[in-house]
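Chains as they are written, first to last, in my numbering: chain A, 1 to 547; chain Y, 1001 to 1078.
Wrong hints could be hidden among the right ones.
Across the chosen pairs, the derived CB separations fall in these ranges [to be verified]: (1) Y/R1058 - A/T486: 38 to 48 Å; (2) A/Q522 - Y/R1058: 31 to 41 Å; (3) A/Q522 - Y/G1056: 24 to 34 Å; (4) A/Q522 - Y/K1053: 11 to 21 Å; (5) A/K480 - Y/G1056: 18 to 28 Å.
These are computed hints drawn from the structure, not numbers from a lab. Ideal Cβ positions, reconstructed from N, Cα and C, are used throughout, including at glycine.
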Amino acid sequence: MSAKLGGDASQSAANIDGPSRQTRITPRNSDGDEALQAAAAKETPWRTLNQLANIPRPTTPLRRASSAGPSSTRRSARRTPGTGHRANGSGKKVAVTPHGRAAKRELDLRRAGFTPGRDRRRSGRQQRETPRDILRALSRHLAPKTLPTVPTPEGRPASAAKSRFRVTDDDDLDDEPELKRPRFSLPLEDDEDEDDSLLLPPRSAGLEDENFTVQSVELGRRAISEQPYGRLSRGSFGSIRMSDVFADLNDMARGGDMYDSSVVGDNFGDDVGNGLDDEAFPEENTATLRNLGLFASGRDSDIRPANLPADDTGNTFVFTVPHREPTEEPAPENTTQSLIESIIFDQGPDEEPVFNEEEQDEEDEEQDEQDEQVDAENMPPASSPRGLDGDVSMLDTTMQESEVAEMTRVKNARKKKVKVSRHGIQYPSLPAGVVKKLATSFARTAGSKAKINKEALDAIMQASDWFFEQVSDDLGAYAKHAGRKTIDESDIVTLMARQRQTNASTTPFSLAQKYLPRELLQELRMVPPTKFKKSRALERIEEDEED
Amino acid sequence: MAAGQKLYPRATVKKIVKAHSKRNVSKNVDVLIFLDYALFLQTLMKEASINAKEAGERGISAKSVKKVTAMSLSKFKG
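Based on the sequences and whatever the hints tell you, model everything.
Structure, rendered in structure tokens:
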């Protein structure tokens, strides 16, 4: 160690090692390094090499000084605090040169060597006078005397048994805390069965089959009073979170029960009676939501032209769950379906407008026949319980009124829906005729020959509304980013490029030639500045793609 | 595609975009927006018809349209 650390290090090591090393470094050769070199050269060439390597370093003495300080204080603390402090402080003052430091250290060492207490503590002779040493001495004295007394013929088995008992006792002692630790978790384990039974159903409820995205699931749930369509009746894609759907799972059990009973036809009249109260005053929000076909489940409502009392909760929320085809799954089979599906089914009448026979397309005539059959099956039990109360006529008239109301509502909604955007501005949606014409032509090019029925058109209209909202948001963001207050052509060109609708081979202009009529094309051509801008943007895009 | 006398109401498209973005729409942007919409509708109908064929339906039903709506919208996210 001393060799490695160099001259000063060896001195400090000598300090630590004790008075035996002290003698080697006397105040005579307190020049330090030379003496140590001489001493080290005697020992091994390796040490000399190390020391030679250490000599030219000017920084090492300083480092050692800092580390040597505490060691000296440690030693001085053993003696008296006063001398320690003095030695430390003076050491720092003296330690300007390595020689001076070495001399100081030697002085300290000699002082330490002269103190008598140091030797005593090092040897540890005084510590034997501690009570423990006294006891040890006592045991040494007593041990030979007690040995003959212990081995008695009776004592051996007893001691053996005791030792065994001790072992077992120790085991018990060891076991007890181990048993207690599990006990902390034991009640939890006991409760786990109950907890599992409580927790599992919500985990598996409803969220598995559907196309819920992670974003939608992870968003916070909004309070019923703060549902977005409460304020704004727009059924926008962005304003409705899937997480809001979750609130409706409360209605699961109730809805399922009611559905079952209604299909069987036992309590159908009660459902109608309850539902009519709400249906007489349909809310506008629910109306728009329903008629938009927004997230609507399959239109299963043909069976029962009445709302469910689920509206009583003010929970006009619509399940975003897709959508069973009523034609594929006739009503009686639904009784055997799972709980979730029955809920969806049960939600259906709330969200979907009722389509009566007049409204159906020619394609749905088969379905209408089915519906009529179901109606025929269901109607008599519907009116019979009321008939006992004498309210048959009332019930019928109210039902008709409700149907009429729903029909008008549907028609009104089809004609013109005034929706409110996020900024509180009313906006129309594209006329259904335009959308239908476009969609039909596109569907024809896509290969399907059949014409688009009204529900599909509703869905397309809804998608168009969402599309326009999304596109407008994006365009507004682009314009805002560019510091403009006006949405420019560059914005929509950028948007289309980002949508990957345009690329090097497909320009907006070629797309326009393909999809737009000549008048609109001329509109585009007629304005030179916009065209210039557009072409410049296109050049840039092409350059980027070439690079 | 054979367009009729008027393909779409230009003012309506402009109003829709204006309401959603709360920004003015410069002069001929609505044509391009409508072009984008036509592309979207084409995608939507294509996907819907594929979906309908996979489901074994005759025409394009609302169900298949709804199923592909989110996907088509996400394709047209800028």
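The hints, checked one at a time:
1. Under the hint 38 to 48 Å, the C-beta atoms of Y/R1058 and A/T486, about 46 Å apart, fit the expected range.
2. Hint check: A/Q522 to Y/R1058, Cβ distance near 40 Å, so the stated range 31 to 41 Å holds.
3. Between A/Q522 and Y/G1056 the Cβ separation comes to about 44 Å, which falls outside the hinted range of 24 to 34 Å.
4. At about 38 Å, the CB distance of A/Q522 to Y/K1053 disagrees with the hint of 11 to 21 Å.
5. Hint check: A/K480 to Y/G1056, Cβ distance near 46 Å, so the stated range 18 to 28 Å is violated.
When each numbered hint is compared with the structure, violations occur for hints 3, 4, 5.
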